[in-house]
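Throw the hints in and build the complete structure from the sequences for me.
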Amino acid sequence: DAKTTQPNSMESNEEEPVHLPCNHSTISGTDYIHWYRQLPSQGPEYVIHGLTSNVNNRMASLAIAEDRKSSTLILHRATLRDAAVYYCIHSIQGAQKLVFGQGTRLTINP
Amino acid sequence: DAMVIQNPRYQVTQFGKPVTLSCSQTLNHNVMYWYQQKSSQAPKLLFHYYDKDFNNEADTPDNFQSRRPNTSFCFLDIRSPGLGDAAMYLCATRDGPPGGNQPQHFGDGTRLSIL
Chain C
80 DAKTTQPNSM ESNEEEPVHL PCNHSTISGT DYIHWYRQLP SQGPEYVIHG LTSNVNNRMA
140 SLAIAEDRKS STLILHRATL RDAAVYYCIH SIQGAQKLVF GQGTRLTINP
Chain D
688 DAMVIQNPRY QVTQFGKPVT LSCSQTLNHN VMYWYQQKSS QAPKLLFHYY DKDFNNEADT
748 PDNFQSRRPN TSFCFLDIRS PGLGDAAMYL CATRDGPPGG NQPQHFGDGT RLSIL
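Those protein sequences? They're chains C and D, same order as listed.
Using our numbering, you'd call the opening residue of the first sequence number 80 and step up by one each time.
Using our numbering, you'd call the opening residue of the second sequence number 688 and step up by one each time.
One or more hints might be untrue.
[Unchecked claim] Just a few of them, taken from the derived set where beta-carbon distance is under 7 Å, the chain C residues facing chain D:
| no. | residue |
| --- | --- |
| 1 | 111 |
| 2 | 121 |
| 3 | 122 |
| 4 | 123 |
| 5 | 125 |
| 6 | 179 |
| 7 | 181 |
Keep in mind the hints are simulated off the structure, nothing from the lab.
Just so you know, these numbers come straight off a predicted model, no measurement behind them.
Even for Gly, the Cβ is constructed at its ideal location relative to N, Cα and C.
Listed below in structure tokens is the structure:
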């Protein structure tokens with residue numbers, strides 16, 4: 080299974096940007112990078128995904144390194160509701176499934 | 688409005704007593720997944736259906752089975768629950784072709800306790 084490496088935990092302040100890093104050194108050219116987050120007592124929630132180019136949506140931005148071995152999820156202005164476990168997942172093309180790593184627990188301070 | 692619905696949110700059963708967890712979706716997605724998430728751990732895929740085709744993960748215990756009678760519903764059957772099966776069980780759906788990268792949509796899970 081494809082493996083990603085993330086910090087166990089990170090802390091940030093409300094209304095500040097947050098950069099969540101992820102390493103995926105075994106990624107191949109057709110594999111996507113997905114980010115999900117899981118708020119307390121809820122199921123995981125899709126955040127964003129991308130292949131090569133940087134991606135933006137209403138929730139976040141995804142910056143993918145040129146060699147694709149790492150990526151960064153950017154929350155532009157954190158709120159208390161962004162406190163969650165963030166999972167970076169490297170999906171194998173054609174595998175049709177996601178293999179969750181341990182994720183990063185993000186704490187937002189008021 | 689909830690699009691992937693799991694009932695009940697909390698289920699208690701006795702050691703060895705069969706239990707069924709249910710999932711329904713209003714998205715008409717062709718792929719449905721079941722995950723197990725133990726306390727402080729990441730979700731772990733048990734199996735998934737692509738339409739009616741069942742795909743079991745290699746390390747899913749034989750104790751766990753699934754049924755998908757139609758597009759909207761999927762069930763997780765645990766034949767003889769042990770204490771180690773206490774966990775949150777998550778259902779998810781996805782639309783699209785095999786190998787596609789469309790997002791998965793998760794329900795809020797059923798937390799199963801074993802007495």
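Hints versus structure:
1. 111: 5 Å, holds
2. 121: The hint holds - residue 121 (chain C) has a Cβ within 7 Å of chain D, the shortest such distance being about 5 Å.
3. 122: Given a least distance of 3 Å, the restraint on residue 122 (chain C) holds.
4. 123: Holds, about 5 Å.
5. 125: 4 Å, holds
6. 179: 4 Å, holds
7. 181: This interface hint holds because 6 Å falls under the 7 Å limit.
When held up to the earlier numbered hints, the structure conflicts with none and fits them all.
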